[in-house]
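Student: Just so you know, the protein sequences line up as chains A and B, in that order.
All residue numbers for the first sequence refer to the working numbering, where the first residue is 1 and numbers rise by one.
All residue numbers for the second sequence refer to the working numbering, where the first residue is 1 and numbers rise by one.
No lab work stands behind these hints: they were computed from the structure.
Just so you know, these numbers come straight off a predicted model, no measurement behind them.
Mixed in with the good hints, there may be bad ones.
Derived pair list, reagent style EDC-like, types lysine to aspartate or glutamate, alpha-carbon separation capped at 20 angstroms [to be verified]:
(1) K184(A) / E239(A)
(2) K223(A) / D193(A)
(3) K184(A) / E161(A)
(4) K223(A) / D39(B)
(5) K223(A) / D94(B)
(6) K223(A) / E179(A)
(7) K181(A) / E161(A)
(8) K184(A) / D207(A)
(9) K181(A) / D193(A)
(10) K184(A) / D39(B)
(11) K181(A) / D209(A)
(12) K184(A) / E78(B)
(13) K181(A) / D207(A)
(14) K184(A) / E101(B)
(15) K181(A) / E228(A)
(16) K184(A) / D201(A)
(17) K223(A) / E96(B)
(18) K223(A) / E161(A)
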Amino acid sequence: MGRFHRHDDGTEHEHRDDHAGHDHSGYATGAERVEVLERIFDENDRCAAENRAVFAAHGLYVVNLMSSAGAGKTTLLAHTLRRLAGHLRVGVIEGDIETSLDADRLEGFGAAITLVNTGAGFGGECHLDAPMVRSALGRLPLAELDLIVIENVGNLVCPAEFDVGESVRAMIYAVTEGEEKPLKYPVMFRAADLVIVNKIDLLPHLDFDMALFRANLRAVNPKATVLEVSARTGAGIDEWCAWLRTSHTPSAVVSGAPG
Amino acid sequence: MHELSLCGAIADVVTRHAEGRAVQTIHISIGQLRQIVPDTLVYCWSLFTADTSLAGSRIDVEHVPARLACRACGERQELGATPVFACPSCAGVDLEVVTGEEFLITSLDLAGA
């Protein structure tokens with residue numbers, strides 16, 4: 001018979017003493033199987049919910065900006081800060097494995113910038129998680145901001161797994177990365193509400209097939225909004241800024257977790 | 001490569017449920033729509049737990065295929081190797097992910113008392 005009990009932290013599980021379903025070969029002999037059924041991201045997601053509540057309390061719209069390394073996050077962000085200056089009060093949480101190089105490039109545009117070095121992990125974390133973002137909040141003047149952009153670590157895999165409490169997830173995708181990546185990294189492309197296709201000034205020099213890319217994106221994420229930009233020439237940046245200015249209105253600040 | 005950092009979260013859950021008893025096997029379900037590589041997770045676990053009370057425990061991964069249901073017509077499908085999130089029956093794109101997003105510890109095998 002099982003022993004069902006509750007822990008102090010509110011979780012509960014059953015100790016089953018019957019060995020049904022057990023591997024009886026060698027090592028596991030004499031073992032007792034304990035039901036756990038606990039999601040491994042629970043702790044992160046609880047912290048993300050707390051972050052989300054803090055953002056909502058301050059009427060903040062929060063963009064989690066993700067991309068692979070070198071897709072142009074920081075360049076786009078520099079353009080964005082310059083254009084939004086005087087319109088929106090922006091804070092930036094800059095995730096970087098080791099250096100402040102990216103944060104330094106964003107100085108001088110009137111935004112409040114704080115750096116989260118993720119290098120404390122073993123070899124450097126490849127993503128920002130909810131506790132890291134929470135640790136940065138105390139360094140931003142939340143009451144004086146309208147918008148926070150979280151520049152995640154450049155990586156197409158890991159950041160997609162971690163809810164940090166954002167209102168919306170945007171990803172930057174450079175045309176130099178090829179058309180097939182949505183099919184190779186479906187988790188990241190499915191996580192994005194907005195896909196900013198960057199470096200379109202290079203299109204004349206590439207074989208990149210925009211229609212094929214959009215078809216691949218639609219296959220994994222039919223609902224994503226797509227914007228085509230060039231952070232080098234400035235093409236499309238006004239649309240992106242307009243999108244931010246429309247989205248940040250308090251009625252658009254969502255309180256629920258992203259689907 | 002976030003498997004190593006996930007080991008910390010796994011260790012916290014395992015330690016809490018093991019209540020001081022020796023852990024032999026940790027059974028984990030990983031859905032197809034998670035970007036977690038089972039072999040990497042197993043390898044990272046051996047690194048992460050070396051010289052801890054969880055040293056010698058092993059992770060057993062159950063792979064959960066992605067199954068989708070169309071909210072428009074109810075058609076169910078299993079996601080193929082090429083991920084296409086559209087209904088093969090009515091071409092609808094409002095799909096419910098029935099399984100495939102799991103990442104949870106289902107049970108532990110603890111040494112006999």
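Student: Hint by hint, note whether the structure agrees.
Tutor: To see whether the hints hold, each was checked on the structure:
{"no.": "1", "hint": "K184(A) / E239(A)", "verdict": "violated (28 angstroms)"}
{"no.": "2", "hint": "K223(A) / D193(A)", "verdict": "holds (7 angstroms)"}
{"no.": "3", "hint": "K184(A) / E161(A)", "verdict": "holds (15 angstroms)"}
{"no.": "4", "hint": "K223(A) / D39(B)", "verdict": "violated (33 angstroms)"}
{"no.": "5", "hint": "K223(A) / D94(B)", "verdict": "holds (9 angstroms)"}
{"no.": "6", "hint": "K223(A) / E179(A)", "verdict": "holds (18 angstroms)"}
{"no.": "7", "hint": "K181(A) / E161(A)", "verdict": "holds (17 angstroms)"}
{"no.": "8", "hint": "K184(A) / D207(A)", "verdict": "holds (19 angstroms)"}
{"no.": "9", "hint": "K181(A) / D193(A)", "verdict": "holds (16 angstroms)"}
{"no.": "10", "hint": "K184(A) / D39(B)", "verdict": "holds (19 angstroms)"}
{"no.": "11", "hint": "K181(A) / D209(A)", "verdict": "holds (13 angstroms)"}
{"no.": "12", "hint": "K184(A) / E78(B)", "verdict": "holds (18 angstroms)"}
{"no.": "13", "hint": "K181(A) / D207(A)", "verdict": "holds (15 angstroms)"}
{"no.": "14", "hint": "K184(A) / E101(B)", "verdict": "holds (17 angstroms)"}
{"no.": "15", "hint": "K181(A) / E228(A)", "verdict": "holds (16 angstroms)"}
{"no.": "16", "hint": "K184(A) / D201(A)", "verdict": "violated (25 angstroms)"}
{"no.": "17", "hint": "K223(A) / E96(B)", "verdict": "holds (14 angstroms)"}
{"no.": "18", "hint": "K223(A) / E161(A)", "verdict": "holds (19 angstroms)"}
Hints 1, 4 and 16, counting from the list given before, are not met by this structure.
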